[in-house]
Amino acid sequence: MATDKELPKVYHLHYKKGEQVFKQNDFGISIYKILRGDVEVFRECEGIEIPIANLGAGSIIGEMIFFLKSTEIRSASARATEDSEIEVWHPMELLKEYEKASPVLKLIAKQEMDRLIRMNKFMDNLVIEKQMANTESSPKKAPWKDKRRFYRKETALPCTYELVASPKGVRKNAKGLIKNMSMTGLLLDVFSKNETLFPHHMGEVVSIEMVLPNGKGFRAQGRIVRIKRNDYILSLGITFSDVPDGEREALGFFLLP
Amino acid sequence: MPVNISLLECLASEFTYQDGAVIIEEGSKGDWIYVILEGFAKVKKRTRKGMVIIDTLQEGEVFGEIAFLEGESGSRSATVVAAEGTVRVGILDKDLLAGRHSEMSPILRALMKSLAIKLRETTSRICSTLVSLD
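Top to bottom, those sequences are chains V and G.
Counted from 1, the first sequence has number 18 at position 18 by this note's numbering; the numbering is strictly sequential.
Counted from 1, the second sequence has number 130 at position 130 by this note's numbering; the numbering is strictly sequential.
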């Protein structure tokens with residue numbers, strides 16, 4: 001960790017407990033170092049706060065925007081969870097230095113960033129999935145708007161699916177029946193014998209293809225996050241990891257009540 | 001994706017692993033950085049309900065970088081296993097990388113370390129959430 005002497009100090013800010021340091025989707029290029037206090041970093045998705053990290057003195061926040069070359073919006077929000085003192089750096093000089101850094105280290109940082117973005121999206125979908133399960137298990141407690149937000153349409157759509165990570169030339173697909181769908185995922189029933197074609201493990205990414213009732217094709221990728229076994233049927237809970245924009249629109253129309 | 005030339009220039013050695021073989025193990029010590037030259041690998045984490053796959057890596061992707069960037073602790077944040085057949089991996093020259101890393105200013109190193117810490121924390125939270133869903 002860098003010492004105070006080495007840091008390009010710009011200015012110090014003080015935040016009271018509960019105050020926001022920066023907000024997701026805002027433009028901003030500054031990098032922050034917590035000098036005193038605690039800050040929680042979280043993402044907001046579908047109105048739900050998804051925790052990423054609780055950070056104390058010495059930790060850095062807002063660095064993702066630096067590695068994204070300051071052309072993007074903040075991917076998360078940060079809020080002081082106790083009275084905090086924070087040092088704010090302007091990244092311009094750092095960016096110039098970073099441009100001259102070793103290409104292999106920059107490549108490693110880029111892959112690290114891509115992975116973090118991928119994991120954050122995965123986490124978003126998981127938390128929504130969990131919220132959806134909670135909403136369904138206690139419908140009396142759920143406000144009407146939450147039920148609408150996590151609306152899951154019952155259906156019986158045949159589909160084909162395959163593992164995304166398969167060696168070239170040996171890709172195998174299997175058939176299944178989609179029991180319900182939402183904007184964030186679906187429930188897929190498949191025969192247990194499909195396990196002989198390829199592994200059906202938690203976390204595997206599958207590509208799913210189907211024809212929606214209006215005749216339009218739909219294709220998306222998702223992760224297996226739940227597996228329930230019932231005699232010769234496997235029920236796979238899948239959260240979407242990649243739904244192209246056009247497909248998302250088609251799904252939205254399909255989900256209209 | 002094809003293996004980037006800057007990675008190929010840093011290769012110290014190459015190994016081949018058969019389907020299911022463990023390349024690195026969660027919790028073990030080590031800070032070598034690997035790159036997949038051919039094939040796929042699964043990233044898994046231990047949970048109280050068994051191993052969970054959290055990511056799939058393909059040709060051109062590096063792994064093991066968290067322990068390297070975090071520095072002092074050097075423990076592996078996840079297990080990586082060869083998947084879907086034989087996997088060929090390269091190990092990057094640690095001395096070369098460490099040298100170039102030390103040439104960066106402490107601030108840049110701190111920013112890269114911060115990314116690694118957040119990735120480690122996020123994957124741990126994913127596992128906890130996955131377990132609570134099942």
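These aren't lab readings, by the way, just hints derived from the structure by calculation.
Note that beta-carbon positions come from the ideal geometry of N, C-alpha and C, so glycine has one too.
Do not take every clue at face value.
To be verified - Calculated lysine-lysine pairs in the DSS-like style (CA-CA distance at most 25 Å, straight line): (1) V:K130 with V:K69; (2) V:K110 with G:K94; (3) V:K130 with G:K45; (4) V:K96 with G:K45; (5) V:K96 with V:K110; (6) V:K121 with G:K94; (7) G:K113 with G:K94; (8) V:K110 with G:K45; (9) V:K69 with V:K100.
To be verified - Calculated from the model, a selection of chain G residues having no Cβ within reach of chain V, i.e. all distances over 12 Å: (10) A83; (11) E84; (12) S114; (13) R120.
Against the structure, the hints come out as follows:
no.	hint	verdict
1	V:K130 with V:K69	34 Å, violated
2	V:K110 with G:K94	19 Å, holds
3	V:K130 with G:K45	20 Å, holds
4	V:K96 with G:K45	37 Å, violated
5	V:K96 with V:K110	16 Å, holds
6	V:K121 with G:K94	31 Å, violated
7	G:K113 with G:K94	17 Å, holds
8	V:K110 with G:K45	23 Å, holds
9	V:K69 with V:K100	14 Å, holds
10	A83	6 Å, violated
11	E84	5 Å, violated
12	S114	4 Å, violated
13	R120	10 Å, violated
Hints 1, 4, 6, 10, 11, 12 and 13 from the list above are not met by this structure, while the remaining hints are.
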